[in-house]
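With the hints as a guide, bring the two chains together.
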Amino acid sequence: MNALLLRDMRLAMRAGGGFGLSLAFFLIVVVLVPFGVGPEMGLLSKIAPGILWVGALLACLLSLDRIFALDFEDGTLDLLATAPLPLEAVVSVKSFAHWITTGLPLVLAAPVLGVLLGLQSDAFYWIVLSLLLGTPALSVIGTFGAALTVGLKRGGLLLSLLVLPLYVPTLIFGAELARRGIVGMDVGTPMSLLLGITFASIALLPFASAAVLKINLR
Amino acid sequence: MTLTVSNLSVLRASRHLLSGVGFEVSAGQALILRGPNGLGKTTLLRTIAGLQPVHEGQVDMPEDMAVYAGHLDGIKSTLTVRENLEFWASVFGTGSIDAAIAVFDMDQLIDRPGGMLSAGQKRRLGLARLMVTGRPIWLLDEPTVSLDTVAVGQFGDMIAGHLDRGGIAVIATHIDLGLGARAETLDLSQFKAAPEQQFNPNEAFL
Numbered sequence: 001m002n003a004l005l006l007r008d009m010r011l012a013m014r015a016g017g018g019f020g021l022s023l024a025f026f027l028i029v030v031v032l033v034p035f036g037v038g039p040e041m042g043l044l045s046k047i048a049p050g051i052l053w054v055g056a057l058l059a060c061l062l063s064l065d066r067i068f069a070l071d072f073e074d075g076t077l078d079l080l081a082t083a084p085l086p087l088e089a090v091v092s093v094k095s096f097a098h099w100i101t102t103g104l105p106l107v108l109a110a111p112v113l114g115v116l117l118g119l120q121s122d123a124f125y126w127i128v129l130s131l132l133l134g135t136p137a138l139s140v141i142g143t144f145g146a147a148l149t150v151g152l153k154r155g156g157l158l159l160s161l162l163v164l165p166l167y168v169p170t171l172i173f174g175a176e177l178a179r180r181g182i183v184g185m186d187v188g189t190p191m192s193l194l195l196g197i198t199f200a201s202i203a204l205l206p207f208a209s210a211a212v213l214k215i216n217l218r
Numbered sequence: 001m002t003l004t005v006s007n008l009s010v011l012r013a014s015r016h017l018l019s020g021v022g023f024e025v026s027a028g029q030a031l032i033l034r035g036p037n038g039l040g041k042t043t044l045l046r047t048i049a050g051l052q053p054v055h056e057g058q059v060d061m062p063e064d065m066a067v068y069a070g071h072l073d074g075i076k077s078t079l080t081v082r083e084n085l086e087f088w089a090s091v092f093g094t095g096s097i098d099a100a101i102a103v104f105d106m107d108q109l110i111d112r113p114g115g116m117l118s119a120g121q122k123r124r125l126g127l128a129r130l131m132v133t134g135r136p137i138w139l140l141d142e143p144t145v146s147l148d149t150v151a152v153g154q155f156g157d158m159i160a161g162h163l164d165r166g167g168i169a170v171i172a173t174h175i176d177l178g179l180g181a182r183a184e185t186l187d188l189s190q191f192k193a194a195p196e197q198q199f200n201p202n203e204a205f206l
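Sequence lines, in order, name chains A and B.
The first sequence begins at 1 in my numbering and counts up one residue at a time.
The second sequence begins at 1 in my numbering and counts up one residue at a time.
Chain B with its partners taken away, still in its complex shape (with noise of 0.2 angstroms):
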């Protein structure tokens, strides 16, 4: 299983952010993508799954396998840590969530509401919520934003756990998280696109 992505140009709110981006990415090895604030990596990053449209070029990977966590964490918090949980494990169809919950030893919390946590609780639980989708292709923006070097660490073990089970990862990051040579970096300043290759606002109609 492979994630192809070939002269991909990505837009947002019709303005043409990045020009024929490619990598390819194959079971059990990450992509770390790199840029400074606004290049569009998120951007990049929810074309991908599916979330915007492809202007041009080709994403190529096998349908239905790929995950999304974002800068929200999709925490309803009225609902415990366990209900949310369970909640993405049946819409998934996958059973158990005790591994979710291991990683990141969250059984403490497990009957809090999650309004009752704090921001890298909430975090720990929406990268907890990846484990599980199931799904071999993780896509995540910015995961290590508000945890502390404990979680981080538990989350880099997480990502390399992923990898040991040939999934991918594809993720939007600056820190260091240890996957060593299963982690290849792709620096996307070079894909910036031409301010004059300017989109025609009329043409998100169509």
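Okay, chain A solo, but in the shape it has when bound (with noise of 0.2 angstroms):
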């Protein structure tokens, strides 16, 4: 497993391996934001939350097909298939690298990017710790939605139309945790179905995803 791992990381650091996209994608996003609402302080930085969240997702959703993609077009999908490691472990190892090299990143750049849009230096804190809790569950369904679409040429559209409306709650809760925390209001709720989503989608998808996958190797 720890060589899937290495593996699935090395691959995205490497040349065509779109380490660095999504991150430059997020950024741009964010950036684009106050051109777009004008460059009211006040307004920016109550927005902030909101536009970091969607910007993340969008970002993550960038970088989704190729959990699959390519490994199914070069035959490693069918060689890991029969390989010792159950199917199951595959996905949740390929979500976990996607995490690493797409989610992480995300979150460490938010509070960089939350200068941009006038986010005083305590909103951090809760802005990075919702993306944290939040990005592992955006790696998980979208590993589900790339065994969804893997056989398809140029699925990734469909991808992302079905993976964005099950981002939804975890949206939600995401940036309702940070903009709670950042006013100073009780957390409680918020947090623990975002960490219900979160775990949940751990636990219970990458069963789904290996079962869809074995339908789409056939």
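Heads up, some of the hints might be wrong.
[Unchecked claim] Listed next, the in silico DSSO-like pairs over lysine-lysine satisfying Cα-Cα at most 30 angstroms (straight line): (1) A/LYS153 / B/LYS76; (2) A/LYS46 / B/LYS192; (3) A/LYS214 / A/LYS153; (4) A/LYS46 / B/LYS76.
[Claimed, not checked] From the derived model, a few chain A residues whose C-beta atoms are all more than 10 angstroms from chain B: (5) ALA3; (6) ALA81; (7) LEU152; (8) GLY184; (9) VAL187.
[As the list claims (entries may be wrong)] Ranges between beta-carbon positions, derived for each pair: (10) A/LYS214 / B/SER96: 29 to 35 angstroms; (11) A/LEU108 / B/GLY134: 56 to 62 angstroms; (12) B/ALA99 / A/ARG14: 23 to 29 angstroms; (13) A/LEU21 / B/VAL145: 31 to 37 angstroms; (14) A/ALA200 / B/GLY134: 35 to 41 angstroms; (15) B/ASP157 / A/LEU104: 43 to 49 angstroms; (16) B/GLN190 / A/PHE199: 52 to 58 angstroms; (17) B/GLY38 / A/ALA211: 28 to 34 angstroms; (18) B/ALA181 / A/PHE207: 19 to 25 angstroms; (19) A/LEU6 / B/GLY166: 30 to 36 angstroms; (20) B/GLY93 / A/ALA200: 27 to 33 angstroms; (21) A/LYS214 / B/GLY161: 30 to 36 angstroms; (22) B/ALA181 / A/ALA208: 47 to 53 angstroms; (23) A/ILE28 / B/ASP64: 30 to 36 angstroms.
For the record, the hints were derived by calculation from the structure and aren't laboratory data.
Quick reminder that beta carbons are idealized off the backbone N, C-alpha and C, glycines included.
Right under this line is the structure:
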């Protein structure tokens, strides 16, 4: 399993792996917002958690089709399916690798971009915390979408259409957690719901992903 | 150890390709599958490998013993030959990749990225992967495609060595690998499913 994780991360870092792509996309989306909304700092800092969350979500979406499509095209997926690793483990490892190469950099970049949106420094904590708890769910749910569309040529758009609605609960509770934390309200409810979604997806979705992958490999 | 296939029906996209396929291969033996294009050789091999569900009949072999090598070699273009092989070696929990490199004389290519290999070199790497899996049952689909005559000879030696170690090989190929009496040939045309044996597509979802 370690070998697969290392390989996926190595592939992501090398040319064409798309490691910096999501991060650059996140940066651009967040930078564009002040241009569109105007330079009013009060308004910007108010919508900042939402912007950062939507930006992170879209950036995450961008690299989803790489999780399985490349391995499917060159036959690696067939070979992995007959390897001693259970397919559920392959799926979990791949979503973890996706989170490390996409989700984690987004979490770390969020405070830096928060500055552009006029966020106060005490708000960074809540942004980072909410993204840290929410982005694993984005990767795992996205892996499920990628598994569903793996056999399709140019299935990227379909993948987005399938996955984005599934991202809605994570987005709602993630952004709400950040917003409440920043204004000093009680964060118990959004935090437990966000954690619930994240843990439930990590625990259950790999089985669903492995099952659809098996059907798609036929 | 034996690989026994009995009364196996093979489906591809809910179309019946082969039915009633039966054979037995025991340790140290190879089975060569023949038949015209589109007959279902690939699908049969994938079914034995467990990549396709068994529709009817049975495939009996010890669990986790088979390894499949199809038309695609599963080579990552940004990883070097060594990294590609070492990845599979650690997935299958076997240590050394030296034997695999020696089979096809790949020492010169060892640090070259997979994307820089020619079609034949890729195929050699894909076949060398079988050596690092450490599994005794090899299911090979047209393994000699894009290999030159030297490499085909090396491949024949590799199979012979595998059989010597008590391995099993089921190979869909049309060329002679020089395995002599250890290889039996099975013509799959006799198992071709009758066209009226249509499979109800709804059952695919059950």
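Going down the list of hints, with the structure as the test:
| no. | hint | result |
| --- | --- | --- |
| 1 | A/LYS153 / B/LYS76 | holds, 19 angstroms |
| 2 | A/LYS46 / B/LYS192 | violated, 69 angstroms |
| 3 | A/LYS214 / A/LYS153 | holds, 17 angstroms |
| 4 | A/LYS46 / B/LYS76 | violated, 45 angstroms |
| 5 | ALA3 | violated, 4 angstroms |
| 6 | ALA81 | violated, 6 angstroms |
| 7 | LEU152 | holds, 15 angstroms |
| 8 | GLY184 | holds, 48 angstroms |
| 9 | VAL187 | holds, 42 angstroms |
| 10 | A/LYS214 / B/SER96: 29 to 35 angstroms | holds, 32 angstroms |
| 11 | A/LEU108 / B/GLY134: 56 to 62 angstroms | violated, 40 angstroms |
| 12 | B/ALA99 / A/ARG14: 23 to 29 angstroms | holds, 27 angstroms |
| 13 | A/LEU21 / B/VAL145: 31 to 37 angstroms | holds, 35 angstroms |
| 14 | A/ALA200 / B/GLY134: 35 to 41 angstroms | holds, 38 angstroms |
| 15 | B/ASP157 / A/LEU104: 43 to 49 angstroms | holds, 48 angstroms |
| 16 | B/GLN190 / A/PHE199: 52 to 58 angstroms | holds, 55 angstroms |
| 17 | B/GLY38 / A/ALA211: 28 to 34 angstroms | holds, 29 angstroms |
| 18 | B/ALA181 / A/PHE207: 19 to 25 angstroms | violated, 47 angstroms |
| 19 | A/LEU6 / B/GLY166: 30 to 36 angstroms | holds, 33 angstroms |
| 20 | B/GLY93 / A/ALA200: 27 to 33 angstroms | holds, 32 angstroms |
| 21 | A/LYS214 / B/GLY161: 30 to 36 angstroms | holds, 33 angstroms |
| 22 | B/ALA181 / A/ALA208: 47 to 53 angstroms | holds, 49 angstroms |
| 23 | A/ILE28 / B/ASP64: 30 to 36 angstroms | violated, 47 angstroms |
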